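A.B. asks: As a plain string of letters, each chain reads:
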Amino acid sequence: MRIGVLALQGAFAEHLAVLARLGVDGFEIRERADLNGGIDGLILPGGESTVMGRLLRETGLFGPLKEFIQRGLPVFGTCAGMILLARRIENDPVVHFGTMDITVRRNAYGRQLGSFHTAEEFHGIGRIPMTFIRAPYITEVEDGVRVLATVDGNKVAAECGKTLVTSFHPELTEDLRVHRYFLGKIR
Amino acid sequence: MNSRYELNKNLAQMLKGGVIMDVTTPEQARIAEEAGACAVMALERVPADIRAAGGVARMSDPKMIRAIQEAVSVPVMAKVRIGHFVEAQILQALEIDFIDESEVLTPADDTYHIDKTKFDVPFVCGARDLGEALRRIAEGASMIRTKGEAGTGDIVQAVRHLRLINKQIRQVQSMRDDELFQAAKELEVPYDLVRYVHEHGRLPVVNFAAGGVATPADAALMMQLGAEGVFVGSGIFKSGNPKKRARAIVRAVTNYNDPHILAEVSEDLGEAMVGTNEHEIKLLMAERGV
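Those sequence lines, one after another, are chains A and B. Each residue of the first sequence is one higher than the last, beginning at 1 in this note's numbering. Each residue of the second sequence is one higher than the last, beginning at 1001 in this note's numbering.
Because the hints were derived from the structure by calculation, they are not lab data. These figures come from a predicted structure and were not determined experimentally. Backbone N, C-alpha and C fix where the C-beta goes; we use that ideal spot for every residue, glycine too. The reader is advised that the hints may include incorrect statements.
To be verified - Using C-beta positions, here's what the derived DEER-type ranges look like:
(1) A:94 <-> B:1185: 50 to 56 Å
(2) B:1195 <-> A:93: 46 to 52 Å
(3) B:1093 <-> A:66: 51 to 57 Å
Can you build the whole structure from these sequences, using the hints too?
C.D. replies: Encoded structure:
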């Protein structure tokens, strides 16, 4: 099993470290040639969605990755990664991959002073630690999207087919269960 | 450490692999964001102009900082003078995302840095060697950057600082356990931090390069030397084509290991900022606040 982690900007090394702990083969995606070795799953990490959006287009990765996702490649987006997958961004006219039927609000908790850590129930897993860094949350979901976690009434994790998104950063905690849940979507 | 400190170190992790750009107006901030800056540093004058103007350089006008916060969605940073904890209180009141306690401004205190553990917002501080880096972390810094020599367009000092920090990290890593106590004494830092470096082979916080970055090649050089991202101060808006140069440096930080891409993005960028060699300058900002 080979999992590609988009490594254009942000906390990609943290996801690769989690994959290593789970004994899964992970690799960085920085340019088109990195896709040549085959890919069984994709992780879109946290960072700045504006930066990743621009670099996806400049590197020529946008087209091939979007096609992979549309053809059913399992994909896991955390924070900025969730924004890249959302069909609509409430406070930004830009759409990136737009392959998941959700609407998100960027920087929904405000600036860094609004960042926080908590623990909440994640459907099918149990209570997990959640770290939110200048995080977005989901404001609307369409039919077929299942909400997996809420914090203070706001939707912070969801799935639709082979796509999984979280507002928070499982890769920043010691808890490996969300990554394991994602790996369950592969094959 | 408390969870606020963890969250602040986490924000620095989100900036990795990115370029933080100095901007002096909302318009420049928008250009920087559009070009792919992962954060912007709001200040009244870029370091090259601070150098040229002379006099006392202070925290920027809050009105100007607010205007930049309103202009962009990426994190906004701003600088305070070394040791000036009231300037830091003011920036925290503005809900700034990151405070740079910076040698580029005139120091307010020639002995003490700010006790950064007293603040909820994160701080980034400059360092020329491992001792300086760990002292700033002990004071509560959530992120470290090399000092370089801001406003010169000369990369030599940033290279020197980053190489030295990494060399000292390797030295600490290879020590016997009983040698770490002496290392802590020599570096003038808490033992626990030396212990962390020994065990992990890295600083406990994210480490960026700063000072003198003027070209995509400079940025890639710092990344290949082990920086986790890059600050660009005067290098962008003091050049002939800021938009194009900003985009090129962003791309160079992502694809820093691919010389073909670096060649492509280095093409036709127009005039780089005018550089000043280190022996031609009178004021070494890097020597402020050790």
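A.B. asks: The structure should be examined with respect to each hint, and the outcome stated for every one.
C.D. replies: A quick look at each hint next to the structure:
For the hinted restraint 50 to 56 Å between residue 94 of chain A and residue 1185 of chain B, the CB-CB distance of approximately 53 Å keeps it satisfied. For residue 1195 of chain B paired with residue 93 of chain A, a C-beta distance near 49 Å keeps the hint of 46 to 52 Å intact. Between residue 1093 of chain B and residue 66 of chain A the Cβ separation comes to about 43 Å, which falls outside the hinted range of 51 to 57 Å.
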